[in-house]
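My request is simple: use the sequences and hints to build the entire structure.
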Amino acid sequence: MTNEQSTLLPTVTAVPARPLPVFVLADTSGSMHGAKIQALQTALREMCGALGALNEPRCEVVVSVIRFGGDVEMLVPPTLARDAVVPDLSAGGGTPMGEAIEMLVRLIEDPASFPKRAFAPTVVLISDGQPTPPECVDAPLARLLGERRSARATRLAMAIGPDADHAMLRRFIANPEVPLFLARDAHRIRDFFRWVTLSVQVRTRSRLPDQAPLPPTDDLDDDDLRF
Amino acid sequence: MRYFPEEGSTVRGLRGTSYVLGPRIGRGGQGAVWEDATGAWAIKIYGQATPERQALRRRRLEQVVARRVQSDVLIVPTELLAAPWVGYAMPLVKGFRPVKSLIFPAPGEDALAHYHATGGPRVRYALLERLTAAFHAIHAAGLAYGDLSLDNLLVREDGRPDIRLIDCDNLVPAGSELVEVEGTPWFVAPEILRRRQAPSERTDAHALAVLIQLTLSMRHPLLGDAVTAGPPEEEERALRGDLPWVDDPEDASNRSTVGLPASLSWTTGIGLALARAFGPGRLDATVRPTDLAWLELLGTARDSLVTCGAAPCRSEFTLRSRCPYCNERRPRVPFLVFHRTGPDGEAEQRPVVLNTPTGLRARHLVHGRSLPSEILVEASPQPDGSVALVNRSADALVVKVERDREVLVPPGQGHLLQHKEWFQMGAHGVRGELRR
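Heads up: the protein sequence lines correspond to chains A and B, in order.
Here the first sequence is numbered in our numbering, starting from 575 and rising by one per residue.
Here the second sequence is numbered in our numbering, starting from 5 and rising by one per residue.
One should not assume that every hint holds.
What the hints assert, rightly or not - With the Cβ distance kept under 8 Å, some of the chain A side facing chain B (calculated, not the full set):
#: 1; residue: T587
#: 2; residue: A588
#: 3; residue: V589
#: 4; residue: R781
#: 5; residue: L782
Keep in mind the hints are simulated off the structure, nothing from the lab.
The model shown is predicted, which means the values in this text are computed figures rather than measured ones.
Where is the CB? At the ideal position from N, CA and C, for every residue including glycine.
Set out below in structure tokens:
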């Protein structure tokens with residue numbers, strides 16, 4: 575059968591998949607320098623690779639990465655996970671987390687980047703420090719938790735090291751049933767993103783992806799969890 | 005402490021077998037799966053859960069093992085694991101891939117080219133027959149499969165029409181409370197979504213019909229264009245049965261432009277069965293086609309396939325005068341038409357195209373006799389268009405060679421059947437007529 579011969583037929587298309595967006599807010603401030611930024615880069619690439627290989631016909635995972643370190647940058651614009659390329663990360667500057675959350679909310683609320691047929695997003699925040707300046711997080715965070723589409727997101731967060739602002743990250747999660755993950759060292763960053771990947775995988779296979787429970791944390795040390 | 009064992013550690017079965025864990029090959033919401041060090045077994049270990057849930061999992065596994073479903077395509081637990089783990093060993097499946105590889109082309113791949121490259125209708129009908137027979141065996145054992153999905157049904161990577169059904173630890177006694185998974189999206193019966201009913205033969209019948217339509221047409225029966233373009237809530241509504249079948253002949257409100265047109269996807273009989281499954285059967289589980297009804301329809305469709313003779317088309321299609329792909333007249337292949345009685349006592353004609361030597365069995369002669377049975381007559385097409393019959397039954401064949409002349413072909417003997425001649429089976433009394 576060749577295409578030239580199929581003139582009797584209309585164009586045959588496959589069932590279109592529904593986007594499932596995954597947004598990562600990654601702290602690349604100066605304190606992430608060294609093993610932490612390397613581990614974050616590896617973990618993000620592993621996550622994109624694993625999500626791109628999911629091959630779940632009902633959903634296609636769309637990944638975006640916003641980095642905040644000195645300034646805020648859309649490191650990976652919304653891209654199908656299988657096509658996403660995470661560039662080399664470098665650490666430097668302060669922690670403008672508020673601006674990053676603001677960029678995230680604009681992205682989620684924009685129908686061009688986040689169409690109405692998409693499932694609710696999974697949003698991941700990973701940070702090792704205090705937002706700079708601290709009060710600049712309040713307004714964007716209120717928007718994230720209050721705007722119609724942003725508020726539906728599944729929010730996950732990881733605190734790296736003792737200096738991370740645990741209270742702020744818990745406010746970001748805003749759900750007592752979702753643990754805040756702690757990383758005492760860089761190794762845990764990859765474990766966390768593997769769990770994030772599993773949680774997205776479970777969503778893609780769930781009957782109601784927007785209400786899917788988080789998977790068990792059997793692959794993580796119990797000491798890494800804070801409820 | 006981490007919950008799961010590390011690669012290289014040993015877990016024991018209840019019958020005393022030791023399994024050394026090799027690489028982990030899967031991780032899902034329920035647990036994880038490892039290949040064992042010998043490469044012969046897969047070991048599934050459930051993840052952390054409450055003691056009640058772990059006890060439910062153990063009871064369900066015991067039930068599945070005890071029922072001994074008679075099917076060679078089901079990958080069932082062979083040995084349950086000893087404490088502290090809840091899980092089981094099963095044969096490792098190699099050389100197979102999920103059935104979704106047949107239904108969804110790779111990004112950028114032409115969907116119709118993909119349909120033909122993955123075996124076209126012949127492979128699809130054969131695979132669906134095997135799946136339906138496996139479902140029949142599961143239901144005959146008093147169980148429900150409960151979780152048919154595009155990942156749990158595997159097909160051979162080399163294209164041969166063979167299947168494996170995995171994740172059989174979710175099999176439950178029909179209507180049982182031992183359910184842990186509620187099924188996979190796209191396949192869950194509307195009554196489960198509406199009333200949280202337990203899996204049963206009838207909820208399996210919905211899932212089977214969904215898979216049949218998806219596999220044959222690459223189009224989901226309930227997800228029309230407006231649904232897939234709308235928000236996720238609209239999809240939920242459609243899957244709950246609130247919207248009509250996408251191919252509903254009288255209601256076009258949920259039409260789909262996806263996939264192959266119905267005229268290419270299936271026979272009239274299969275189309276009518278799908279109309280029943282997703283028309284009235286959407287909300288009334290009692291009218292859904294049964295496993296045996298599907299076996300009959302799928303077998304009939306496979307037996308009626310013709311290969312286009314025009315190069316380079318060579319497409320396969322169910323018996324009709326012209327190739328639906330290139331519009332050339334179909335080749336003059338010999339085929340038998342059995343004149344028999346349909347399910348409601350009506351006259352029915354069942355064609356069997358003789359592309360190759362074919363064993364004629366009870367299923368060709370009698371409606372509803374779809375399960376495997378012995379060959380009654382061997383029919384081999386000859387270069388001159390005649391068909392060599394060999395009687396393998398215990399009764400004589402009656403062959404009508406002229407208007408007033410019949411010959412008897414005793415058991416073990418043969419006859420060269422010519423165009424428009426017919427033969428009749430002694431025990432069944434059904435006439436088979438040779439046409440081209």
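Each hint tested on the structure:
{"no.": "1", "hint": "T587", "verdict": "holds, 5 Å"}
{"no.": "2", "hint": "A588", "verdict": "holds, 5 Å"}
{"no.": "3", "hint": "V589", "verdict": "holds, 5 Å"}
{"no.": "4", "hint": "R781", "verdict": "holds, 5 Å"}
{"no.": "5", "hint": "L782", "verdict": "holds, 7 Å"}
No hint from the list above goes unmet by this structure.
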